[in-house]
Amino acid sequence: MRFSHILLENWRNFGHVDVPLQNRAFLVGPNASGKSNFLDAFRFLRDVVTSGGGFQKSVMDRGGVSIVRNLAARRYPDVVLQAALEEGGEVVWRYRIAFAQDNQRQPILREEKVWHGDELLLDRPNDDDRADEARLRQTYLEQTFANREFRDIAISFASVHYYHLVPQLVRDPERSIGRQVDPYGGDFLEQIARTDQRTRDSRLHRILAALKVAVPQLSDLKLEKDERGAPHLYSNYEHWRPKGAWQTEADFSDGTLRLMGLLWSLLDGSGPLLLEEPELSLHPGIVCYIPQMMLRVQRGRKCAPRQVLLSTHSSDLLRDEGIAADEVLLFIPSQEGSVVQVGADIAEVRQLLEAGLTAAEVVIPRTQPINVVQLSLF
Amino acid sequence: MESVTSPVNVLVEGVTDEAVVRRLLEYAGLTCGTVYGKTGKGALLERLPSYNQAARFAPWLVVVDLDQDAECALPFVRSVLSEPTACLHFRVAVRAVESWLLADAERLAAFLGVPVARIPSRCGTRPQAHLRQPGPTKSKRSNPRGRRAPRGKRRPGGSRLHWPVDRVRDDCGTSMATRRRRPAFR
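As you go down the protein sequences, you meet chains A and B in turn. In terms of this note's numbering, the first sequence has 230 at position 230, counting the first letter as 1, and numbering is strictly consecutive. To convert, take the position in the second sequence, counting from 1, and add 1000; that gives this note's numbering.
If you are wondering where the hints come from, they were derived from the structure by calculation, not from laboratory data. Be a bit skeptical, because a hint or two may be false.
Distance ranges between label pairs, derived from CB positions [what the hints assert, rightly or not]:
#1 A:251 / B:1162: 49 to 57 angstroms
#2 A:5 / B:1071: 52 to 60 angstroms
#3 B:1045 / A:5: 54 to 62 angstroms
#4 A:194 / B:1049: 16 to 24 angstroms
#5 B:1027 / A:378: 26 to 34 angstroms
#6 A:234 / B:1068: 54 to 62 angstroms
#7 B:1045 / A:244: 44 to 52 angstroms
#8 B:1067 / A:18: 42 to 50 angstroms
#9 A:222 / B:1057: 44 to 52 angstroms
#10 A:321 / B:1007: 48 to 56 angstroms
#11 A:197 / B:1049: 52 to 60 angstroms
Covered stretches of chain A, as calculated for chain B (at least 3 residues, CB under 8 angstroms) [said to hold, decoys possible]:
#12 11-17
#13 114-127
Even for Gly, the Cβ is constructed at its ideal location relative to N, Cα and C.
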């Protein structure tokens, strides 16, 4: 299942967002326009349903309702998230949650609704909630005994994976102690080590083939544990010596590590993947092939292609001619919070893309600050 | 065709051209839409047919330098865009948009700190005029400080181009689409 629609109200720097989502979505906008906050909405839904998470923790981890709520929210101050999940081209589930805070500044549910197709399965607050308002501190979705009829939603939300690998965290084993499923790569090597060996070897083989394009000196890639049991990535670099030299992740460049992490994350899991600026540390010549790599890496999968939501500032990445107008989400800051528009809904963007221009040529000029040239006078 | 109140999308070679076109549109009482291009003349001309195709529904202004590509603007226009769509207004700066800026001799002299006389005049009509552009170092040797424009007026600054369109229109020696409320956009 994948997200086919997202509606946000008063979420972070968005007053109102209501956009359809394709299998790939390229989030483009100026700095501080809300691209990360948009991705955070999906992470929030995941956090609500994951073990050790829940509604209360997810809100409080983000600083509470007053931080999560849009500063421009006035008359209708509730924070609303509504997501539609699609399978086989049809919307199967819709989930809506609205919340505010009580007098003790604790998050409290205003609404929780679930639709299966057009049938409304859950509509809270119900009579039980009204009799005992403490029940509104938890969603039904996070409770196993209460979500039996719509557990597929919880499973789908839990499969969301956010990725923003920081090479320094991968290299420094001390920093990764105690981290579990760290989106910043703190336990990246442990994640690889935990994977079944056959699957791991197959993935590393595919990753090596892709990496060799970017780093032609690479000739081998494997994962081994040291005497303390800590996993390490080993790679053979060819040079003038007949057998080359083995290097560990501590010697890999930032770009090599980020590319490895990107490829691994594309292969690992089947739920929606949230990528934040995957172009970082990579050569422009490689960046422009990321959209194609995303397609190619997934082509061999037995399951359905993975949904990828990707934020970027890179002209090189958006230069890919296969990017369609409905795959581009434009983030435009305004007085009442940022506005998100689908490229296909903007006549000019649609016409320019149809005329043969690339998303980079059409979208980047629309998101560039007018007086950007003044930065040279800093 | 779109009404005159529609923002005019712009396609230019670089940031200098963008500043000039923004000022021209402001002078003509038009709103500047999105500024596209800014990746050089070669890329602009290569993509021009695509922009031309998209310009069927909204007003567009394209400004390109003639440089040394042709003797005059007309054969150049014919060679790069034989059939412009109704909403696309293709304008050629002879020989370069910088000559329009040089026409504001007073302000440029103040900016550079050189006498006004050292700014070439009507350089749009004179090939290789840029070879005579003044260099502040050279002028420092040959001109006493008192004869130069006051230094306090240098670097007008700000995000907006302070460029007197009315004054320079007749001095730049080239055709400029600067009449208020251009009928073409109506």
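> In ascending order, which of the hints set out earlier in this document are inconsistent with the structure?
Replying inline: 3, 4, 9, 10, 12, 13
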